[in-house]
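Engineer: So the sequences go chain by chain: L and D. Everything in the first sequence is counted per the working numbering, starting at 1 for the first residue and increasing by one. Everything in the second sequence is counted per the working numbering, starting at 105 for the first residue and increasing by one.
Derived by calculation from the structure, the hints in this document are not laboratory data. There could be a bad hint or two in this list.
[Stated by the list, open to error] On the chain D side, residues computed to face chain L include the following (Cβ under 10 Å):
1) Phe-122
2) Ala-123
3) Glu-126
4) Pro-148
5) Val-163
6) Arg-168
7) Trp-396
8) Arg-397
9) Gln-400
10) Gly-403
11) Trp-422
12) Gly-474
13) Ala-476
14) Ala-478
15) Ile-481
16) Arg-482
We put the CB at the ideal spot given by N, CA and C, even for glycine.
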Amino acid sequence: MTNWVEVCAADEIDEEDVIRFDHEGRTFAVYRSPDDQFFATDGLCTHEKIHLADGLVMDDIIECPKHNGRFSYKTGEAKGAPVCVNLKTYAVKVEAGSVFISLA
Amino acid sequence: MLHIVIIGAGECGARAAFALREKGFDGQITLVGAEEHLPYERPPLSKEALLHGLEPKLVSDAARYADAGIAVLTGLSVESIDPAGKTVQLSNGDSLPYDRLLLTMGARPRPFPGLSGTIHRIRTLRTHDDTVAIRAGLQPGKHLAIIGGGFIGLELAATARKLGAQVTLLEGLPRILSRGVPDEIAGVVAARHQAEGVEILCGVKIQSLEESRDEVKVHFEDGRTMAADLIVVGIGAIPNVELARDAGLTIDNGIAVDEHLQTSVPDIFAAGDCCSFPLAHYDGRRLRLEAWRNAQDQGALAAANLLGAGEAMSALPWFWSDQYDLTLQIAGLADGATQTIRRDTADGAFILFHLDAGGRLIAASGIGTGNAIARDIRLAEMMIAAGVRPDPVALAAAQTKLKSLLAA
Ligand SMILES: Cc1cc2nc3c(=O)[nH]c(=O)nc-3n(C[C@H](O)[C@H](O)[C@H](O)COP(=O)(O)OP(=O)(O)OC[C@H]3O[C@@H](n4cnc5c(N)ncnc54)[C@H](O)[C@@H]3O)c2cc1C
Ligand code: FES
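Extracted from the complex, chain D is given alone in its bound form (with noise of 0.2 Å):
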């Protein structure tokens, strides 16, 4: 009987193992998790699970993994894989046969530089347990700093505020979240934190984090220093490469892949957060997505793929982010958009829509409360797919329906 071992037992693993079976795989399906827990849901780590002290939100519970015959070894990691003998080396010692091998281990958050030793008020917030440790010291009145302006700093000190913590956010750059989001929406972000008492300091540059037993203490450059009683870093993630390296695949910013999400070893696929991957849309540009929706994707495409399918990857990025009761979402890639279009649409929510010089639309992004920007956000995805070349004058008008622009 076929047997398929997917190493690495989050959304995109399990999204993965469920796939096969939806399309009818009945061979054997072995999850393996380095984590105790069975696969569960990153959003809400930084959302709902950090301000309510909320168990994991599984993807699945264990009784339908029974019922679909997938067998999730948890607390378990892989150590190594002999892609020559098809075995993976586990870290209770056995060794576990395997026809065809999917790598979905994700990413961790990037360390500080120069950090060592054992560190209790200096974390990063990528699991359920980080979670739990960061929550456990948000109490309020407490003072947290938070390295890194990108979305899980940003969501983390939403919710920290929410909690009654006093928050400063240190960000290197000249402006928080400059990667992917238009000035326009981070400047929105910036002032929503602000007016909820966020101090977000821009362009900083520290030196180092002295942690002693009472609070941890930033020195800047210049020579200043603030306390807090908590820092938690969010400076970016590095994708978990190193098992697939050492077994020689090829690597290129996460384990390359082809547009069939295959690894430059034919049995072994890679999806998610640990994998560059070819994308057609955009020239064939090579990317990595750190995104929910991309982990689902990919899962589904790679267990297609593992079953001989053949089928290239199309969907186009997207992302969402939630921080007090805005919602920001982004789709496409607006990096080689030469003209911008604002639409506003009720009560402050405005969409930006990033064309090309062919006047292609190739990106949206925007912000509003709830879901106010949700269905323009996915008609302009269904927009880009089609590489409309929509008449700007339209897209800026918010009484033009996005469907009829898209059927244009």
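Bound-form chain L, shown alone (with noise of 0.2 Å):
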């Protein structure tokens, strides 16, 4: 059962950027794109523990604020070094002006 949780009014977000998201004890980056669309992955940075939601998107990419470690948001793909491990994705929907993120 897909378990969809509010993350805040979609408006909070500004196009090509970030905010974190504190749920139960998790915490999660959830992105709004140049052309409009959201999307959610884990909050950490797969190098070490640091919120990416401090950190830059540019595009599709989600650059870390500690050493610049770059994640596609859309797929969670790492980039390259220093980071080689993927962040897990979330899927995501916006409805009545909120956005929600599907936890499992």
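Hints in hand, dock the two standalone chains.
Structural biologist: Printed below as a string of structure tokens:
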């Protein structure tokens, strides 16, 4: 069963930006792409446990604030050193102006 | 089959080895390293690894080298290079032929002048083994004297305080971090260390260090002495150039390379802490960096150019340091700045933007807790690269999004 959890209002995330979302002891990063779609990944970098929401979104890339490791936030793919472990991604939907992510 | 040999199995050598494969090289790769460990990251050595006594944080585990077909020879050093015969001589007596050679031998700590003999209580910090030895001497209440108020000394001071040691930091110049860090930021760092109980003594002239069985003494030029349980000397690093020099390569504050990281011998490239290179963005000025991301960037670039890509170095200098919960980041080179603009962001964090006489952004330095300044420094770096002349008023205003100035 899909467990949709409300994150925030859609307009609380700027285009080409990211916010941090904490829920039941876990932390996520929720993104809005330049073409106005929403995505979600685990909140912490896989290199060291650093909050990706402090990083920079460029196109479909989230760049970690600590050592500039890069991931595609759409697929979670680690884009090369120093990050080599992919990020987990989560389904996202927007309903009635609110963003929801799906936590299994 | 083409054989590429990489001398020096640190951050840079390891990155280069993997980058060769990522770029499709299917010849032979041998990475030779003097240390017993597989390549590991040095930044934790003065931070978490020292605090928690961690094992080396490997750049990659053994399986990934094996999968990529990279032969790593650890615990072996290269003793000489024969550029004419295209071989390197190893410390176990073997000689290894190469087609192309990459030098990533890094740097070693500058020793305190005049020290010799067996020294236990006077150490430097560069390797995992150094961290293990220093940690063993840092029980609560022990007195650590650090010589040198640079990044390594300061990070060590912060970690030593967390471990409960008493810390005195001795700096010969009038302030800490005088190399490349603006006054305002150095002031924040110094104040924090003092608040955490570190005694910082600037402008001190040390005459000699003396080790006895139970302690070590610092003798100052003014006749005073100070006793400590352990001294760590952090007065800079010397690039490992001897192999290259003996092989006839040009040396200029490091193994001299051109913008392609090629040395004065065409088949030999150099990268990372051991090389000096011209940086086009700053009028081709020659510099040598001791910085983690530079080691990564140059490792990847050297790999491309070993395969004939002919790409020029374009990455800008970028550095970070962590002390307590503060992180400092610097992008670019501030030396030529004539104007500095301060932008205060949340919770005491701030960024200094350094502009040249023509109003061009040439560097940015920031400090704050956690990653408070990271995103803005990264955007500033992109603005520097793009040669932007930002509006100083907009820069100073925290509500202006830097992204909007980048696009301008
Ligand atoms: C304690 C510490 C903390 C740091 N913290 C930061 C930080 O917070 N931020 C930052 O940006 N940078 C930091 N740095 C700097 C960063 O770690 C270095 O810039 C980086 O390690 C350089 O990589 P390198 O591969 O060029 O050289 P190195 O890492 O020095 O690797 C060179 C390797 O070559 C080996 N070698 C040398 N000669 C030979 C030979 N003849 N034969 C075989 N092997 C040889 C050496 O043993 C060594 O293992 C820190 C460095 C230290 C020491
Ligand atoms: S913590 Fe994210 S790249 Fe290092």
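Engineer: Against each hint, give a clear statement of whether it holds in the structure.
Structural biologist: Results for each hint:
1. Phe-122: 7 Å, holds
2. Ala-123: Holds: closest Cβ of chain L sits about 8 Å from Ala-123 (chain D), inside 10 Å.
3. Glu-126: It holds, given that the least Cβ distance between Glu-126 (chain D) and chain L is near 7 Å, below 10 Å.
4. Pro-148: 9 Å, holds
5. Val-163: 8 Å, holds
6. Arg-168: 8 Å, holds
7. Trp-396: 7 Å, holds
8. Arg-397: Holds: closest Cβ of chain L sits about 7 Å from Arg-397 (chain D), inside 10 Å.
9. Gln-400: 6 Å, holds
10. Gly-403: With a minimum Cβ separation of about 8 Å from chain L (threshold 10 Å), the hint on Gly-403 (chain D) holds.
11. Trp-422: It holds, given that the least Cβ distance between Trp-422 (chain D) and chain L is near 8 Å, below 10 Å.
12. Gly-474: 7 Å, holds
13. Ala-476: 8 Å, holds
14. Ala-478: 3 Å, holds
15. Ile-481: 9 Å, holds
16. Arg-482: 5 Å, holds
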